[in-house]
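> Single-letter residue listing:
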Amino acid sequence: MKILVCMKQVPQKDAALKLNDAGTWIREDVSYEVNEPDAFALEEALRQKEKHTGEVVVVTAGPARALQVLREALAKGADRAIHLEDNAFVGLDAYNTARAIAAAIKDEKFDLIFTGLQSDDYGYAQTGVILAEILGLPHATIIMQIEKTDGGIRVKRELEAGFFQFVDMPLPAVLTIQSGINKLRYATLIGIKQAKTKPMRKVTLAEVQSAMGANLQKIEKLYVPQRSKNTEFLEGPPAEVAKKLVEKLKNELRVI
Amino acid sequence: MADTILVIVEQREGKLNRVSWETIAAGQAIAAQTGWTLEAAVVGSGVAAIAGEVAAKKVGKVYDVESARLEPYTPDAFAHALKAFLEKHPAKLVLMPHTYQVRDFVPKLATALQTTAITDAIGYKYEGGRLLFTRQMFQGKFVADVSFAGEGPCFVTFQNGSFRADKVEAGAAAVETVNVDVPDGVVRNQAQEVFKEAKQAVDLTQAEIIVSVGRGIKEQKNIELAKQLADALGGELAASRPICDNGWLRMDRQIGSSGQTVAPKLYLALGISGAIQHIVGMKGSRSIVAINKDSEAPIFEIADYAIVGNLFDIVPPLIEEIKKAKG
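Protein sequences, first through last, are from chains A and B. Residues 1 to 256 in my numbering are what the first sequence spells out, letter by letter. Residues 1 to 327 in my numbering are what the second sequence spells out, letter by letter.
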């Protein structure tokens, strides 16, 4: 099985984010990490390769800093990497991101393409499905299990409120992977060392630009949400705060 | 392009998904402000009864979009049928609830029509003749006003609870049946029956008090502290998704879009940042108390009482105070 994993670098979960001066994006001087569902997608690809042999290729679209995501993936066992490198990739809508990735892999033939089910920054939950449509491939979303069958694969889709569904589909196919599908591995020291010698293909914006177009949606303004509730902040040292809260639980909320 | 707003009502196995009423309410509100015509469509096989239900609301017309290939649901059939329908019945704006089914086919449909979908919106603004849609970003830390730049139709999906289903105005609309052709070979996936995993041991929807833990609990061994707090309050222990993904608590204690939706008297969130996927599962709680070290955590936006601090410092004295208060 030849598997492509689309990965994204996003601000760290506990990073204190600040708005840029224009109020249209965050200030980028924060720490970054791998988008969590993408880490599960990579892990699933590595497990499928271990079961069925093949190759795992990772791709990301982002500035120079995004290289770190690919390095980590190579250290965990991915075979090679593709980096669409340009600052402009940060501001793309999902359609353009998918078109750029499709253009970058046009000479390759993958059996499976994985993405995380959504990113922690934009949260579109669209890039994988759009990529499938551009490539003319079938897709399934929010996947919790993948088994190879005679004619293709059987996947387990997560639905809402604890429901699931199995779907049989032919290969090649695109799957968006849910967090928790597997247990993540750590990179080993040997893996980190080997990663340095693995192939890394750089793709410039110019190489894929003809496949792209103007963004079809635009962030006009980014801002801190307004409080919908009159939140009361309880302050003081822990023992005092605990007393205050118990007083509220007893006299205001009447749950004690 | 006609100035039409089309709401696509969701049905699953012949039953209307009630979150669709919220989308109808959204459509009615936007129609009232813009003066555009509101229409609705039900897509499936043998779903005329649902179209009839929707026709009792204030909408211009209801389309019953039918093909035998639309049951069971597959993204291929839905995208194909809706593309064919929209090419014949153009709409400026197409609204849907942000369900797992919609997220499965909308990006495909929008791309097939060379347009875009603004997903997971929580509201809209109509300013100077222009529609902006509001959506959360960065896991709820920020909100963005997003404009649509293409030719349309513009697809928008609304998060659960963004509009009030009880605000839907009644009316009487005509139903028009539209049979669409979904040719052989379009549907590539074979969908099996929908099922629920081994019966859930815990029904959190009945709990009056829930103590819920998130990433801030840091390690599996710390779950015990939250358990002690839940016991002291006489409540149930629950968690956000990452905790269950890690196997620290069973999946049937997960709150959120992929877990249970609860509305207890008290929801006490420990170290939960408040990503939208979690919020949708608990925002209906009668009261919400949040303890988090990050003063900017989105959970505080919906909390009644908020404590900014280290939960490991606050929970032990809290347990003692509760025990004292209970005598």
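Everything labelled a hint here was simulated from the structure, so no lab data went into it. Check each hint, because a few of them may be wrong.
[Said to hold, decoys possible] With a cut-off of at most 30 angstroms between alpha-carbon atoms, the simulated DSS-like pairs for lysine-lysine come out as follows:
| hint | chain 1 | residue 1 | chain 2 | residue 2 |
| --- | --- | --- | --- | --- |
| 1 | A | K243 | B | K323 |
| 2 | A | K51 | A | K218 |
| 3 | B | K92 | A | K13 |
| 4 | A | K148 | B | K221 |
| 5 | A | K229 | B | K221 |
| 6 | A | K196 | A | K243 |
| 7 | B | K221 | A | K183 |
| 8 | B | K125 | A | K218 |
| 9 | A | K183 | B | K125 |
| 10 | A | K196 | A | K49 |
| 11 | A | K156 | B | K83 |
| 12 | B | K92 | A | K221 |
| 13 | B | K196 | A | K51 |
| 14 | B | K265 | A | K244 |
| 15 | B | K283 | A | K156 |
| 16 | A | K229 | A | K218 |
| 17 | A | K13 | A | K183 |
| 18 | A | K156 | A | K13 |
Predicted model, so just to flag it, every value in this text is computed and none were measured.
> Confirm or reject each hint.
Verification of the supplied hints:
1. K243(A) with K323(B): holds, 11 angstroms
2. K51(A) with K218(A): violated, 43 angstroms
3. K92(B) with K13(A): Given pair K92(B), K13(A) is violated - Cα atoms ~37 angstroms apart, limit 30 angstroms.
4. K148(A) with K221(B): The hint is violated at about 37 angstroms.
5. K229(A) with K221(B): Violated: K229(A) and K221(B) sit about 34 angstroms apart, past 30 angstroms.
6. K196(A) with K243(A): Measuring from Cα to Cα gives roughly 55 angstroms; hence the hint is violated.
7. K221(B) with K183(A): holds, 18 angstroms
8. K125(B) with K218(A): Given that 30 angstroms is the threshold and the Cα spacing comes to 15 angstroms, the pair holds.
9. K183(A) with K125(B): With Cα atoms ~42 angstroms apart, K183(A) and K125(B) exceed 30 angstroms; violated.
10. K196(A) with K49(A): Since the Cα atoms of K196(A) and K49(A) sit roughly 21 angstroms apart, the hinted pair holds (cutoff 30 angstroms).
11. K156(A) with K83(B): holds, 27 angstroms
12. K92(B) with K221(A): holds, 23 angstroms
13. K196(B) with K51(A): The hint holds at about 28 angstroms.
14. K265(B) with K244(A): holds, 19 angstroms
15. K283(B) with K156(A): OK: K283(B) and K156(A) at ~29 angstroms, within 30 angstroms.
16. K229(A) with K218(A): holds, 29 angstroms
17. K13(A) with K183(A): holds, 19 angstroms
18. K156(A) with K13(A): Holds: K156(A) and K13(A) sit about 28 angstroms apart, inside 30 angstroms.
Of the numbered hints listed earlier, those contradicted by the structure are 2, 3, 4, 5, 6, 9.
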